[in-house]
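Residue-level listing of the chains:
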Amino acid sequence: MSERRVELDVLRYNPETDRAPHFQRYSVPCREEWVVLDALNHVKENIDPTLSYRWSCHMAVCGSCGMMINREPKLACKSFLRDYQGVIRVEPLAHFPVERDLVTVIDDFVAKLARVKPYLIPKEPKALEAGEYRQTPAQLKRYKQFTLCINCMLCYAACPEYGLIPKYLGPAAIALGHRWNQDSRDGGRDQRQEELAATEGAWECSFVGACSEVCPEHVDPAGAIQQVKIRSTVDWYLEHTMPWLTK
Amino acid sequence: MSRKPYVREMTSEWITRHPRYLRYLLREFSCLFIGGWTLMMVWGLARLAQGPAAWAAFLETLQSPASIVLQALALAFAVYHAVTWFNLTPKALPVQLGDEFVADGVISGAHFAVWGLLSLVVLLLAGAF
Numbered sequence: 001m002s003e004r005r006v007e008l009d010v011l012r013y014n015p016e017t018d019r020a021p022h023f024q025r026y027s028v029p030c031r032e033e034w035v036v037l038d039a040l041n042h043v044k045e046n047i048d049p050t051l052s053y054r055w056s057c058h059m060a061v062c063g064s065c066g067m068m069i070n071r072e073p074k075l076a077c078k079s080f081l082r083d084y085q086g087v088i089r090v091e092p093l094a095h096f097p098v099e100r101d102l103v104t105v106i107d108d109f110v111a112k113l114a115r116v117k118p119y120l121i122p123k124e125p126k127a128l129e130a131g132e133y134r135q136t137p138a139q140l141k142r143y144k145q146f147t148l149c150i151n152c153m154l155c156y157a158a159c160p161e162y163g164l165i166p167k168y169l170g171p172a173a174i175a176l177g178h179r180w181n182q183d184s185r186d187g188g189r190d191q192r193q194e195e196l197a198a199t200e201g202a203w204e205c206s207f208v209g210a211c212s213e214v215c216p217e218h219v220d221p222a223g224a225i226q227q228v229k230i231r232s233t234v235d236w237y238l239e240h241t242m243p244w245l246t247k
Numbered sequence: 248m249s250r251k252p253y254v255r256e257m258t259s260e261w262i263t264r265h266p267r268y269l270r271y272l273l274r275e276f277s278c279l280f281i282g283g284w285t286l287m288m289v290w291g292l293a294r295l296a297q298g299p300a301a302w303a304a305f306l307e308t309l310q311s312p313a314s315i316v317l318q319a320l321a322l323a324f325a326v327y328h329a330v331t332w333f334n335l336t337p338k339a340l341p342v343q344l345g346d347e348f349v350a351d352g353v354i355s356g357a358h359f360a361v362w363g364l365l366s367l368v369v370l371l372l373a374g375a376f
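Residue numbers (our numbering), protein chains in the order written: chain A, 1 to 247; chain B, 248 to 376.
Since the hints were made in silico from the structure, they are not lab data. All of these numbers come straight from a predicted model, not from anything done at the bench. Hints may be right or wrong, so weigh each one.
With the Cβ distance kept under 8 Å, some of the chain B side facing chain A (calculated, not the full set) [what the hints assert, rightly or not]:
| id | residue |
| --- | --- |
| 1 | K251 |
| 2 | R264 |
| 3 | L371 |
Below 20 Å or equal to it, Euclidean Cα-Cα: the simulated DMTMM-like pairs (lysine to aspartate or glutamate) are [unchecked claim]:
| id | chain 1 | residue 1 | chain 2 | residue 2 |
| --- | --- | --- | --- | --- |
| 4 | A | K144 | B | D346 |
| 5 | A | K167 | B | E256 |
| 6 | B | K251 | A | D107 |
| 7 | A | K144 | B | E275 |
| 8 | A | K141 | B | D346 |
| 9 | B | K251 | A | E99 |
| 10 | B | K251 | A | D108 |
| 11 | A | K141 | B | E275 |
| 12 | B | K251 | A | E239 |
| 13 | A | K229 | B | E275 |
To give an idea of the interface, some chain B residues facing chain A are shown, with a C-beta separation under 7 Å as derived from the structure [unchecked claim]:
| id | residue |
| --- | --- |
| 14 | P252 |
| 15 | V254 |
| 16 | Y271 |
Backbone N, C-alpha and C define an ideal beta-carbon position, used for all residues, glycine too.
Please work from the sequences and hints to get the whole structure.
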């Protein structure tokens, strides 16, 4: 098994002692199949136990280990060391406050996610004994890609709009609101529109498209946002030109 | 232990983080050239209303090297904007037929086809053929 050394420049920030973050260099012996997360784990276990970062599944499912790797938002568990040349720069996800080292404060995203009501709001209440909500494969296909979101927030780190305008609802929250709006079993669209169709919702987006490019699960939040814009525009015209249709 | 989250100020560094951001800014800045060209057309209309001499002078100004360079730039930016925009249409307008979505190329291709057709109609109306 081949072994080589990689150099990592990791952004460190200790809120108890540091006034500002700084980079620290680590030299790590690594194996061919290692990802950046393996290198960080090696640092934590063998070189510097004070290094803080989030991780859990090591298989691109939990969405915990999102970080900036060479200035691109990536999952550390999905970024193979062999794909990088020279010193690898590892920083916490852009656009989020730094709690400590590579750990960010994600309260803003969590609050925004709750605002879009990312859960089934049934069209009509249905008694348990009336059975399950049925759905055809075509109806499932309509929203399925959006269900693959793992809330890793790479899209927020890639989005300059979110960086510049933090009140922007952001890609994942809009995509997940749209996911339920597209669901044939759901009747909660009117409730979600207040958030999705607001100025700080879909209309803050200027279609950079970076969110969809960096998504590790190949979800297309940029697409969802544009679809929300189109639906909202249609809503507006119907409401103002044909109000009898909407009531 | 008290919390003291550090907020990293956003600088213009993001523009160079990845080529996609530069491409995006190019698309956004194309509006300056397209808007400028539109203003030039409005100016031309005003000159036309002032009579044949003013119109002839306007046409002559259009033929100056600086004007030709600016118009070529405006055309390049307009084409860049249109192509990048049409390539994004499958995201905004997905069409589902039965269980499957229509291929992206069909949706953007339809936009390109209509664009070509309308351009042809405009050229026909302008007596280019």
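Cross-check of the supplied hints:
no.	hint	result
1	K251	holds, 4 Å
2	R264	holds, 5 Å
3	L371	violated, 31 Å
4	A:K144 with B:D346	holds, 12 Å
5	A:K167 with B:E256	holds, 15 Å
6	B:K251 with A:D107	holds, 14 Å
7	A:K144 with B:E275	violated, 32 Å
8	A:K141 with B:D346	holds, 7 Å
9	B:K251 with A:E99	holds, 7 Å
10	B:K251 with A:D108	holds, 16 Å
11	A:K141 with B:E275	violated, 33 Å
12	B:K251 with A:E239	violated, 47 Å
13	A:K229 with B:E275	holds, 18 Å
14	P252	holds, 4 Å
15	V254	holds, 5 Å
16	Y271	holds, 5 Å
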